[in-house]
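Keeping their order, the protein sequence lines are chains A and B. The letter at position 172 of the first sequence is residue 187 when you use my numbering, and the numbering goes up by one with no holes. The letter at position 266 of the second sequence is residue 434 when you use my numbering, and the numbering goes up by one with no holes.
Hints may contain errors.
Derived Cβ-Cβ restraints for the label pairs, each shown as a range [claimed, not checked]:
#1 B:Ser-458 with A:Lys-370: 23 to 33 Å
#2 B:Pro-321 with A:Glu-454: 51 to 61 Å
#3 A:Tyr-46 with B:Gly-219: 21 to 31 Å
#4 A:Pro-353 with B:Pro-441: 51 to 61 Å
#5 B:Val-618 with A:Pro-353: 43 to 53 Å
#6 B:Leu-333 with A:Pro-457: 22 to 32 Å
#7 A:Pro-192 with B:Ser-373: 50 to 60 Å
Listed next, the stretches of chain B that the computed footprint assigns to chain A, with coverage defined by at least 3 CB atoms under 8 Å from CB atoms of chain A [stated by the list, open to error]:
#8 382–388
#9 441–450
#10 481–491
#11 553–566
#12 581–587
#13 591–600
Honestly, the hints are just simulated from the structure, not real lab data. Idealized CB from N, CA, C, for every residue including glycine.
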Amino acid sequence: MRHAMFAMAGCALVATAAAAQGIPSLTHERYTLDNGLTVILHEDRSTPMVAVNVWYHVGSADEQPGRTGFAHLFEHVMFMGSQHVPVGAFDQWLEAAGANNNGSTSQDRTNYFEWMPSNALPLALWLEADRMGWLLPTMDQAKLDVQRDVVKNERRQRVDNVPYGRAFETMLGAVFPAGHPYSWPTIGSMADLSAASLDDVTQFFRTYYAPNNATLAIAGDFDRDSVKVWVQRYFGEIPRGPAMPARPSLKEVTIPRDTFLVLEDKVQLPRLYYAWPSVKLFHADDASLDLLAYVLAGDKNSRLYKRLVYEMQVAQDVTAFQMSGREGMFMVSVTPKPGQTPARMAQLVNEEIRKLSSQAVSDRELARAQNSYRAQFLDRLASVNGKADQLNSYNYYAGTPDYVRQDAARYDAVTAADIQRVVRDYLGKPKVVLTVVPEGKPDLMVKEMGDVRIP
Amino acid sequence: MKRLTPLVTIATLAAAALPARAQAPRETPPAPGAPKDFALAAVRSFALPNGLEVTMAPYGITPKVAVRLVVQSGNIDETAETTWLADLTRDLMLEGTTTRTAQQIAEEAAQYGGAVAFNVGMNESSIGGDVLSEFGPNMVRLVADIARNPKFPETELARLKANRLRQITVAKSQQQQLANEKFLSVLYPNHPYGRMFPTESQVQSYTLDQVRAFHTANYGARRSHFYVVGRFDAAAMEAAIRQSLGDWQPGTEPVFNAPAPKTSRVIHVVDRPGAVQSTIYLGLPVVDPSHPDYVALRVTDAILGGSFGSRITSNIREQKGYTYSPFSTINPYLKNAYWAEIADVTTNVTGPSLKEIFFEIDRLQSEAPSAQELQSIQRYLAGIFVLQNSSRNGIINQLQFTELHGLGENYLRDLVRKIYAVTPADVQRIAREYLKDDTMTIVIAGDRRVIEEQIKPFGTIME
Numbered sequence: 016m017r018h019a020m021f022a023m024a025g026c027a028l029v030a031t032a033a034a035a036q037g038i039p040s041l042t043h044e045r046y047t048l049d050n051g052l053t054v055i056l057h058e059d060r061s062t063p064m065v066a067v068n069v070w071y072h073v074g075s076a077d078e079q080p081g082r083t084g085f086a087h088l089f090e091h092v093m094f095m096g097s098q099h100v101p102v103g104a105f106d107q108w109l110e111a112a113g114a115n116n117n118g119s120t121s122q123d124r125t126n127y128f129e130w131m132p133s134n135a136l137p138l139a140l141w142l143e144a145d146r147m148g149w150l151l152p153t154m155d156q157a158k159l160d161v162q163r164d165v166v167k168n169e170r171r172q173r174v175d176n177v178p179y180g181r182a183f184e185t186m187l188g189a190v191f192p193a194g195h196p197y198s199w200p201t202i203g204s205m206a207d208l209s210a211a212s213l214d215d216v217t218q219f220f221r222t223y224y225a226p227n228n229a230t231l232a233i234a235g236d237f238d239r240d241s242v243k244v245w246v247q248r249y250f251g252e253i254p255r256g257p258a259m260p261a262r263p264s265l266k267e268v269t270i271p272r273d274t275f276l277v278l279e280d281k282v283q284l285p286r287l288y289y290a291w292p293s294v295k296l297f298h299a300d301d302a303s304l305d306l307l308a309y310v311l312a313g314d315k316n317s318r319l320y321k322r323l324v325y326e327m328q329v330a331q332d333v334t335a336f337q338m339s340g341r342e343g344m345f346m347v348s349v350t351p352k353p354g355q356t357p358a359r360m361a362q363l364v365n366e367e368i369r370k371l372s373s374q375a376v377s378d379r380e381l382a383r384a385q386n387s388y389r390a391q392f393l394d395r396l397a398s399v400n401g402k403a404d405q406l407n408s409y410n411y412y413a414g415t416p417d418y419v420r421q422d423a424a425r426y427d428a429v430t431a432a433d434i435q436r437v438v439r440d441y442l443g444k445p446k447v448v449l450t451v452v453p454e455g456k457p458d459l460m461v462k463e464m465g466d467v468r469i470p
Numbered sequence: 169m170k171r172l173t174p175l176v177t178i179a180t181l182a183a184a185a186l187p188a189r190a191q192a193p194r195e196t197p198p199a200p201g202a203p204k205d206f207a208l209a210a211v212r213s214f215a216l217p218n219g220l221e222v223t224m225a226p227y228g229i230t231p232k233v234a235v236r237l238v239v240q241s242g243n244i245d246e247t248a249e250t251t252w253l254a255d256l257t258r259d260l261m262l263e264g265t266t267t268r269t270a271q272q273i274a275e276e277a278a279q280y281g282g283a284v285a286f287n288v289g290m291n292e293s294s295i296g297g298d299v300l301s302e303f304g305p306n307m308v309r310l311v312a313d314i315a316r317n318p319k320f321p322e323t324e325l326a327r328l329k330a331n332r333l334r335q336i337t338v339a340k341s342q343q344q345q346l347a348n349e350k351f352l353s354v355l356y357p358n359h360p361y362g363r364m365f366p367t368e369s370q371v372q373s374y375t376l377d378q379v380r381a382f383h384t385a386n387y388g389a390r391r392s393h394f395y396v397v398g399r400f401d402a403a404a405m406e407a408a409i410r411q412s413l414g415d416w417q418p419g420t421e422p423v424f425n426a427p428a429p430k431t432s433r434v435i436h437v438v439d440r441p442g443a444v445q446s447t448i449y450l451g452l453p454v455v456d457p458s459h460p461d462y463v464a465l466r467v468t469d470a471i472l473g474g475s476f477g478s479r480i481t482s483n484i485r486e487q488k489g490y491t492y493s494p495f496s497t498i499n500p501y502l503k504n505a506y507w508a509e510i511a512d513v514t515t516n517v518t519g520p521s522l523k524e525i526f527f528e529i530d531r532l533q534s535e536a537p538s539a540q541e542l543q544s545i546q547r548y549l550a551g552i553f554v555l556q557n558s559s560r561n562g563i564i565n566q567l568q569f570t571e572l573h574g575l576g577e578n579y580l581r582d583l584v585r586k587i588y589a590v591t592p593a594d595v596q597r598i599a600r601e602y603l604k605d606d607t608m609t610i611v612i613a614g615d616r617r618v619i620e621e622q623i624k625p626f627g628t629i630m631e
């Protein structure tokens, strides 16, 4: 026993020195079954754990107006059992194997995942295969109706009954033009959820839930030969589906002039939101925009936090982020303290943006932002669950599962001049400005920007 | 003196319960393979002469290290007049030390690839961070400086009070927070466990002298434990800890203020006119982790409402669609805990939700679960245990929990075995003994006018 422990400590030291600051690569094997299912295997034997992660390349951006929220509602229905899995058994069987499971839906994809002690791997694969191949034989109105109610409660709990809960979907609808697939929220509208029919479920499954539109990533402790046998046995007989409908190519989004909106809500304090159309994931300016968001509001020494929250004490909180998928949007929000107005916040935010456009950030500011991103990359790779999702994500967005070091390198390559440039190129363009105000106080709305010329 | 905990391995899963089946195609799920033993992180612990305990555990392959200084002090050390003084003390400790400004603290941590996490809890407070491995010793020194040498700048006091007041205002606009506050105040009257928020005038009254006194009384080596988990240079980390905390004042042992929990079957309504959902808190005080029944209580909770496949969740979510995120939980304070089922349900099914929750509690009391249902949940908890011990901060959480509740060094080694030792009769007994319907406290935050008729049958509504 003692021997084992000292051996372990010794390994740790050597590897720390060698890996130093490095981001590990995700060595993997990728292959495709005859039915088109892409399989990605990554072995990591450091703990007796394994993760299964399935991506279907369909999300809310594939929905039609009038059926918003359907991709996510469908995700819920996927947990209601399939031909060989009774209602309720999906969770119960996995939990009985010591496994956790969940799923999520974004604009671009839907994922399903299990993470568990490694001996439960065949069960997880079998369950994923059953719902990929045999969901419809036992699908019925009752399954749809109960999950429709659950999803409506999810919307109430996350959006309608939460302070500022409707701000994000309001911004989406204003930044992206009507009919643009990013213009509606993934959760959908209550009316569209009510309209979803059993026929929609059948059509959606037949259109999108085919092995040729899915990737299966497995990361963790497994024997590669055994896994390949299981994957072939469970998934191999699922028939290939039709080719995916072509996704409309997304036109560049521009806003002709600053747009001002107001939303009355059950809130104590108003909050000011800005949103600019930006760039998609892996665009040449995407990493610079991520780092810009950090420089603006990422930590206590960030520009907006330090000045508005800490020094002047006029704001309660500030946020900034670059959201990027197949489209991008850059957002900033500021909550004024009582007695301070959103208009005053707008003036200060504009001043800080102007400063960033006229003078480069310091080396230390840039290094802090870059170190924070390096730490985040490591965190995402810390669990087998995180690794499996990263493999699928990179495979989808970058075309290769092992892209993490190239991804990290994008952030190392950003210079102070890049940040200054993206401020001018993106934050200098027209934007959407939304003020969420307490009910009965629409006068607090920010209605104009004044002089915000960016050099 | 050094103490070595041997590397222990745990058989986390019982042998397959399902009979071995032929590999029939598709119709039946594959039986699980043979479980592998799971190795807990090898832990090395030692104490410094001033009483500070240190525990270090190499873990994982990611070049990061989590450090955390845990001080056994928190809101429990407040009086009825000083709620959140512990939190305000924390806020001021982050405003700078005798040699670092607040900005420098934040900037240093960011340079190390992390941030300072300083959490004040009911029984414990912790200062730490998860940083790139090469900066581990630097992070130790930063954490030690924050704990030991606060500057307590008077200039920041008014701003920090105002921040806390805004935080209260924002929290009180959230229905779940209001329900939680009411629930705690009913269960733990006249005790810090029952005080979620201070009043505005209280916060305004706090002085810098009170903050200084709180720090002096509660922060010291004898009630503290330093944890290091991840990839690190053990010699460098130990040296940094000895150098930066070896001469920290010992301070006093913690003084425990025992709670006298109360519960009775009445309904407390927090009125939220127009609310589209009702937030339900339904529960009561139960035994704490040091009690022999605690493990069986956890198993019972997981069957009843504490897992996706649990009875209450299946009933009110997967069969009826009343709610999105129902769950039950045991919240373990030192020397007392509470069990609660918590759910945001559509307003018009508030009464029916209560009916189903009680139905499931009663069913477990009147009939022991099947051996198969129990074994399923035991395997689930064993699997969760592996997950909980598979991240740097997860491992620290486990070690910290063991230490706080005085569970002994074999606790983590034996936990899985104890989970599997629980019998169906135990679960039924636990449900009867601890989850008594007739003393269950019910709190509902929602639209009183709409729900009143629905909830009346479930208890007297408090005015």
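Item to complete: Please test the hint of 22 to 32 Å on the beta carbon pair from B:Leu-333 and A:Pro-457.
Response: holds (26 Å)
Practice prompt. Would you check chain A against the stretch 591–600 of chain B, counting CB to CB pairs closer than 8 Å, and say if three or more residues qualify?
Written response: Answer violated; 0 residues pass the 8 Å Cβ test.
Worksheet item: Falls inside 21 to 31 Å, the C-beta gap from A:Tyr-46 to B:Gly-219?
Response: violated (58 Å)
Worksheet entry | Outcome, coverage hint (the stretch 481–491 of chain B, chain A; C-beta under 8 Å; three residues) | Coverage by chain A holds for the stretch 481–491 of chain B (8 residues, Cβ < 8 Å).
Worksheet item: Taking 23 to 33 Å as the hint, is the beta-carbon distance of B:Ser-458 and A:Lys-370 inside that range?
Response: violated (56 Å)
Practice prompt. Tell me if chain A covers the stretch 441–450 of chain B under the three-residue, 8 Å CB rule, please?
Written response: With 3 residues closer than 8 Å to chain A, the stretch 441–450 of chain B meets the three-residue bar; holds.
Fill in: A:Pro-353 and B:Val-618 - C-beta distance against the hinted 43 to 53 Å
Since B:Val-618 and A:Pro-353 have Cβ atoms about 32 Å apart, the given range 43 to 53 Å is violated.
Worksheet item: For the pair A:Pro-353 and B:Pro-441, does the Cβ-Cβ distance stay inside 51 to 61 Å?
Response: violated (23 Å)
Worksheet item: Would you say the stretch 382–388 of chain B counts as covered by chain A, given the rule of at least 3 residues with C-beta under 8 Å?
Response: violated (count 0)
Worksheet entry | Verdict for B:Pro-321, A:Glu-454 (Cβ pair) under range 51 to 61 Å | Check failed, 39 Å falls outside 51 to 61 Å.
Worksheet item: Can the stretch 553–566 of chain B be counted as covered by chain A under the rule of three residues or more with Cβ-Cβ separation shorter than 8 Å?
Response: holds (count 5)
Fill in: Cβ contact check, 8 Å cutoff: the stretch 581–587 of chain B against chain A, three residues minimum
With 0 residues closer than 8 Å to chain A, the stretch 581–587 of chain B misses the three-residue bar; violated.
In this structure, the earlier hints numbered 1, 2, 3, 4, 5, 8, 12 and 13 are contradicted, and the remaining ones agree with it.
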